[in-house]
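A.B. asks: Heads up: the sequence lines are chains W and G, in that order. With the numbering used here as the guide, the letters of the first sequence map in order to residues 1 to 182. With the numbering used here as the guide, the letters of the second sequence map in order to residues 1 to 523.
Incorrect hints may appear among the rest.
Claimed, not checked - Computed list of lysine to aspartate or glutamate pairs in EDC-like fashion (alpha-carbon distance at most 16 Å, straight line):
| # | chain 1 | residue 1 | chain 2 | residue 2 |
| --- | --- | --- | --- | --- |
| 1 | G | Lys32 | G | Glu221 |
| 2 | G | Lys315 | W | Glu180 |
| 3 | G | Lys404 | G | Asp65 |
| 4 | G | Lys431 | G | Asp331 |
| 5 | W | Lys153 | G | Asp56 |
| 6 | G | Lys315 | W | Asp178 |
| 7 | G | Lys77 | W | Glu133 |
| 8 | W | Lys168 | G | Glu394 |
| 9 | W | Lys168 | G | Asp190 |
| 10 | W | Lys110 | W | Asp93 |
| 11 | W | Lys153 | G | Asp53 |
| 12 | G | Lys315 | W | Glu133 |
Unchecked claim - Over 10 Å on every C-beta distance to chain W, these chain G residues come out as not near it, computed from the model:
| # | residue |
| --- | --- |
| 13 | Ile128 |
| 14 | Asn159 |
| 15 | Ala166 |
| 16 | Ala222 |
| 17 | Lys244 |
| 18 | His318 |
| 19 | Ala358 |
| 20 | Gly364 |
| 21 | Asp406 |
| 22 | Ser519 |
Unchecked claim - Per the computed footprint, the stretches of chain W lying under chain G, defined by three or more beta-carbons under 8 Å from a beta-carbon of chain G, are:
| # | segment |
| --- | --- |
| 23 | 40 to 48 |
| 24 | 68 to 80 |
Keep in mind that the hints were calculated from the coordinates and are not lab data. Don't be surprised by glycine CBs; every beta carbon is placed ideally from N, CA and C.
Each chain is listed here by its residues.
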Amino acid sequence: MVTIYERKLGSEGKPGLSRRELLKRGGASALLVISGSAVISPEHAWGLETSTLKPETMATLIQMARDIYPHDQVPDKYYAIAVKAHDEQAGKDPAHKDLVEKGIADLDSKSGKDGYTGLGWEEQRVAVLKQIESTPFFQAVRGGLVVGLYNQKEVWPIFGYEGESYSKGGYIARGFDDIEWL
Amino acid sequence: MAASFDLKNDGVVVIIGSGAGGGTLGNELAQKGVDVVILEAGARHEYEDFINDEWDSFAQLAWTDKRTTSGDWRVAKDFPNLPAWIVKSVGGSTTHWAGASLRFQEHEFKTLSTYGKLEGANLLDWPITLAEMEPYYAKAEAKMGVTGTNDWPRLPGNNNFKVLKAGADKLGYKECHTGNMAINSVDRDDRMSCQQTGFCFQGCKWGAKWSTLYAEIPKGEATGHLEVRPNAMAIKINHDASGKVTGVVYADKDGKLQEQKARIVAVAGNSIESPRLLLNSASSQFPDGLANSSGQVGKNYMRHTTGSVYAIFDKPVHMYRGTTMAGIIRDEARHDPSRGFVGGYEFETLALGLPFMAAFLDPGGWGRSFTTALDHYDHMAGLWIVGEDMPRAENRITLHPDTKDDHGMPVADVHFDDHANDTAMRNHAYKQGSALYAAVGATRTFPTPPYPSTHNLGTNRMSAKAVDGVVNKHGQAHEIKNLFVSDGSQFTTGGAENPTLTIVSLAIRQAEYIAGQMSAKSI
Chain W
1 MVTIYERKLG
11 SEGKPGLSRR
21 ELLKRGGASA
31 LLVISGSAVI
41 SPEHAWGLET
51 STLKPETMAT
61 LIQMARDIYP
71 HDQVPDKYYA
81 IAVKAHDEQA
91 GKDPAHKDLV
101 EKGIADLDSK
111 SGKDGYTGLG
121 WEEQRVAVLK
131 QIESTPFFQA
141 VRGGLVVGLY
151 NQKEVWPIFG
161 YEGESYSKGG
171 YIARGFDDIE
181 WL
Chain G
1 MAASFDLKND
11 GVVVIIGSGA
21 GGGTLGNELA
31 QKGVDVVILE
41 AGARHEYEDF
51 INDEWDSFAQ
61 LAWTDKRTTS
71 GDWRVAKDFP
81 NLPAWIVKSV
91 GGSTTHWAGA
101 SLRFQEHEFK
111 TLSTYGKLEG
121 ANLLDWPITL
131 AEMEPYYAKA
141 EAKMGVTGTN
151 DWPRLPGNNN
161 FKVLKAGADK
171 LGYKECHTGN
181 MAINSVDRDD
191 RMSCQQTGFC
201 FQGCKWGAKW
211 STLYAEIPKG
221 EATGHLEVRP
231 NAMAIKINHD
241 ASGKVTGVVY
251 ADKDGKLQEQ
261 KARIVAVAGN
271 SIESPRLLLN
281 SASSQFPDGL
291 ANSSGQVGKN
301 YMRHTTGSVY
311 AIFDKPVHMY
321 RGTTMAGIIR
331 DEARHDPSRG
341 FVGGYEFETL
351 ALGLPFMAAF
361 LDPGGWGRSF
371 TTALDHYDHM
381 AGLWIVGEDM
391 PRAENRITLH
401 PDTKDDHGMP
411 VADVHFDDHA
421 NDTAMRNHAY
431 KQGSALYAAV
441 GATRTFPTPP
451 YPSTHNLGTN
461 RMSAKAVDGV
471 VNKHGQAHEI
481 KNLFVSDGSQ
491 FTTGGAENPT
501 LTIVSLAIRQ
511 AEYIAGQMSA
521 KSI
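Next up, chain W with everything else stripped away, as it sits in the complex (with noise of 0.2 Å):
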């Protein structure tokens, strides 16, 4: 569960919290917060700097991401890096931005109050996603997740996948009949 805080003053009179603020209410375990133009993990000492998308945006299509492939064990960052594409694309090509901005708007007005995020169920907020499954902005975020989540080199290890192995000289002494259970 993400807990999204919205933009305001911080303490130390600057915008968005202060690094104590920040410190102080980072308890809760998976907390991603926006500050100024980043969508920060406190917690896990990475941020995220928007150029394009508001970083609310952001922060809601990490969500997002991690609602439409979850994987438990995969770690925000990994989604962060999977949908900064989008703010790269956006900044880029006015009609994509036009497109994700309108497509949070959208998943938010649909989510209730207090937003996607705001819905503290994975059901309520994939029940909300099916409503949406149809429409290019889905499209457009879950296909980029297909080889933007699962392409990062970096989170092969976490599903068991070596990847390259014709360096390693192959698996010829190295276990590609290692089976031992059957």
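Since the structure of chain W is already known, use the hints to place chain G on it.
C.D. replies: Coordinates of chain G only, in the frame set by chain W:
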């Protein structure tokens, strides 16, 4: 040393495509002293350039020029512009193929006589028999180093094969082994043996798997009679007033149109591009396209009845380690209509890496049903179904009325509807495949839909009578005697077997015929 022929040299045989058909024909002719120019649409990547990475390799090798699709096959919905997963590179799809090298069964050359007339199917007997093909199959197996023939040992079985074999034993299947593979099981032909690397589909970086790229073409080039011209996309075949073909117009690496004159033209661009080229070569004399007075060019498109079954076990498998197609079960390949369909199918192991598994397990799928399958990727085993599909006149390649490629040539539309026989066969195979894995303790199985087609067949088919097909038993156009078809598009019907061995055997046989006709001055 590789030859270099002048564009105006009208004594050469021009072959379009350098894959299993074109690459083999080119070398065979060159060995006989015939001058050959191979026009290859793709670039030349040698085997050390191949990439052990599914998407990067796809970008390097795959034919991704735009095509359109129609019909009720799921590929048209999921991959509307990628009907086929084939290659645009010197070596063609022999860089990408898995290596399975199986002879057709006797009855598969006589499907109309054996299966009888089937509504909605355009069945026809081949004008060749297995007995006529056997010597050429033997030559092809010897050339390609096929395991299990010529005293070459079969490859060792990997984890994915061991799961398949255990299930086959439980189900009582008798013919299950590590296949007849054109992958070196011992060092031979100046190439090393299989290192169980996986990534067979991405091009073998050891050169252990046979490919025209390094097993045929360099030998042809060494004769001084073969020139391979990469980045040369054939656009149109020209002919003279007598109806003989005279040359091939192609776009060169800079997109400039050139014409290579020719004494003979052999088309080997795979079953989508070959009919596309013949149709695009229409003239006032041949208004429906070259070699098309029968109207059969582009028709009877076949892609094998395919599908996959993946299964999850409670213990690890690591199916991606080692040979991609690591074993086979042949028991269901027989013709036995009591199963509810004519023809038969093979089970062959198959493994995809995580990126392609995500793309192909259930295209368009999402949510936990999908992701929990991938969560157990390393506990997964998998097999591929490859069976005979029915030729249908309406399954065909046509020129798109509006959409054109970079050279102004209409793109190919690929239309395919499953025949009821195809669907019955696929469902039978899904059931058997799932039962096989359940027998070894699978906790979940996935009947996975067909991928974009790798076995594209039949669109310039061979026939005894000119009215029934495009080419005769030598792959020679019925109506133009110096025009040949040399790829899988000449298949009259598809058989249950992976097509490459038959394509190579036909090319060896065709080279004998062409050289003979040339010396007799009949062509």
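A.B. asks: Decide, hint by hint, whether the structure agrees.
C.D. replies: Hints, verified against the model:
1. G:Lys32 with G:Glu221: Between G:Lys32 and G:Glu221 the Cα gap is close to 12 Å, so the pair holds against 16 Å.
2. G:Lys315 with W:Glu180: 9 Å, holds
3. G:Lys404 with G:Asp65: 10 Å, holds
4. G:Lys431 with G:Asp331: 15 Å, holds
5. W:Lys153 with G:Asp56: Holds: W:Lys153 and G:Asp56 sit about 12 Å apart, inside 16 Å.
6. G:Lys315 with W:Asp178: 12 Å, holds
7. G:Lys77 with W:Glu133: 15 Å, holds
8. W:Lys168 with G:Glu394: 49 Å, violated
9. W:Lys168 with G:Asp190: 22 Å, violated
10. W:Lys110 with W:Asp93: 26 Å, violated
11. W:Lys153 with G:Asp53: 10 Å, holds
12. G:Lys315 with W:Glu133: Roughly 35 Å between the alpha carbons, so the hint for G:Lys315 and W:Glu133 is violated.
13. Ile128: 39 Å, holds
14. Asn159: Violated, since 4 Å does not exceed 10 Å.
15. Ala166: 5 Å, violated
16. Ala222: At about 27 Å from chain W, G:Ala222 clears the 10 Å cut-off, so the statement holds.
17. Lys244: Holds, because the least Cβ-Cβ distance between G:Lys244 and chain W comes to about 48 Å, which exceeds 10 Å.
18. His318: 7 Å, violated
19. Ala358: G:Ala358 not clear of chain W: closest Cβ-Cβ about 4 Å, inside 10 Å.
20. Gly364: G:Gly364 is in fact no farther than 10 Å from some Cβ atom of chain W, at 8 Å.
21. Asp406: 22 Å, holds
22. Ser519: 45 Å, holds
23. 40 to 48: Since 0 is below three, the answer is violated.
24. 68 to 80: holds (count 5)
Hints 8, 9, 10, 12, 14, 15, 18, 19, 20 and 23, counting from the list given before, are not met by this structure.
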